[in-house]
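There are 2 protein chains.
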Amino acid sequence: MNNAKNAVILTSGGLDSTTVLAIAREQGYRLHSLSFAYGQRHEFELTAARKVAAAMEVERHLVLTIDMGQIGGSALTDEIAVPKARSLAAMEAEIPVTYVPARNTIFLSYALAWAEVLPACDIFIGVNAVDYSGYPDCRPEFIAAYEKMANLATKAGVTGKAPLKIHTPLMTLSKAEIIRRGVSLKVDYGMTHSCYDPDGAGLACGACDSCLLRHQGFVDAGVPDPTAYQAGVRFG
Amino acid sequence: MNNAKNAVILTSGGLDSTTVLAIAREQGYRLHSLSFAYGQRHEFELTAARKVAAAMEVERHLVLTIDMGQIGGSALTDEIAVPKARSLAAMEAEIPVTYVPARNTIFLSYALAWAEVLPACDIFIGVNAVDYSGYPDCRPEFIAAYEKMANLATKAGVTGKAPLKIHTPLMTLSKAEIIRRGVSLKVDYGMTHSCYDPDGAGLACGACDSCLLRHQGFVDAGVPDPTAYQAGVRFG
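Going line by line, the protein sequences match chains C and Z.
Note that the numbering used here has the first sequence beginning at 520, numbered continuously upward.
Note that the numbering used here has the second sequence beginning at 520, numbered continuously upward.
Note that these hints are calculated values from the structure, not bench results.
Incorrect hints may appear among the rest.
One copy or two, either will do: identical chains are not told apart, so a pair holds if it fits within one copy or between any two.
Restricting the straight-line Cα-Cα distance to at most 27 Å, the calculated cross-link-like pairs of lysine-lysine (BS3-like) are [said to hold, decoys possible]:
1) Lys684 to Lys667
2) Lys674 to Lys603
3) Lys684 to Lys674
4) Lys680 to Lys603
5) Lys570 to Lys674
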């Protein structure tokens, strides 16, 4: 593995970014996974990200604390009720409770900083233009513009000797396709966390937007859902 | 002032960003100044940024803590000697001790987040392509690419209703021209801090790269240097 190229992979402990990590591993990269503590209401995501990083045998897993609370604009750290049992249309009509202003821009900027130090020319991010189509910073145009900017931000990029590439292997996949890809790469999705509103033991509520999209993905993929739900959770 | 447009101004407590703040004030913006605590070896920069913000009567001054230490690559938090009494050529041949990987990219990303929340369509940054020409992320091409990316990252930018603009009023000015501009706007540069290696009272060393460039700027501008230097500092 010493000849492997370094890659920085943005990971959240969720289903999508865990699949991305497995894809980068399959491609032979030396893995550097990067997660953020930004005042999440619970720690289960970060715990899942650490477990996943260990299971994937990453070279290094970093958790950076980012200080969004003062800027405001995110419901994540506030006491706003998590919407439950919404339709897909209702989800798409609103900004999700997990929204952090300029989130992907900030996350990618730290990934760029780490890539510059390692060095690495490859950054992976699990953005997806299918399931959450309302998000400007999940679209291919945004990623292309970010990549261009990043290559003007660093000496290696400017000289063209080591151009930076942002990989978005999930961009055009449905949730079911993401799950099937992960299963083919032997991802243990039982290790991942997606729920916005887990109980004290980290069990998923089965009713928030994230749980509903995730469960439907398993149904559509024809894969048993390995998620640990709270007692009494039933799906339609 | 209630009809004034919001602007986010990146400030460090130094000479350049203080001048930028004065320029944004002159242009009638409602000022929101943003500084970063990223493990600087001393607190005088942040103290200066707070003083300057108060003097300029900003609407709000934010200091965000950013967690660069784990990523590494910056000499700022390490115990590396600050070079002294170097020639301009020697300064330009090396990466300065204050270098933070992907610094302007990260700083601008937080400014973008704050701009999205306020909302604001105007971000000011004191980059300059003249004095430190070796820096990719101080060039007009970088700023233009950042602005394009930022407008793809946010809904307001995508719809074209409120395009974001990144202002770089110092881009083509020499240090002397910056100082003359600031003096015309009644900036009190005695309030600003530039030294990389101040003593315990915050007095400037007069010998680090930053002190030398700053002092030469005052000399070239024909403006008395108001910097409080340590006892015994003499300039050639």
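Tested hints:
1. In this assembly of identical chains, the alpha carbons of Lys684 and Lys667 lie at most 27 Å apart whether taken from the same copy (9 Å) or from different copies (18 Å).
2. For the identical chains of this complex, Lys674 and Lys603 are inter-copy neighbours only, at 25 Å across copies versus 47 Å inside a copy, given an alpha-carbon limit of 27 Å.
3. With identical chains, the CA atoms of Lys684 and Lys674 are at most 27 Å apart both within one copy (14 Å) and between copies (25 Å).
4. Taking identical chains as interchangeable, the C-alpha atoms of Lys680 and Lys603 are never at most 27 Å apart, the minima being 50 Å within one chain and 32 Å between chains.
5. In this assembly of identical chains, Lys570 and Lys674 lie within 27 Å of each other by CA distance neither inside one copy nor across copies; the values are 35 Å within and 35 Å between.
Hint compliance for this structure: hints 4 and 5 are broken, all remaining hints hold.
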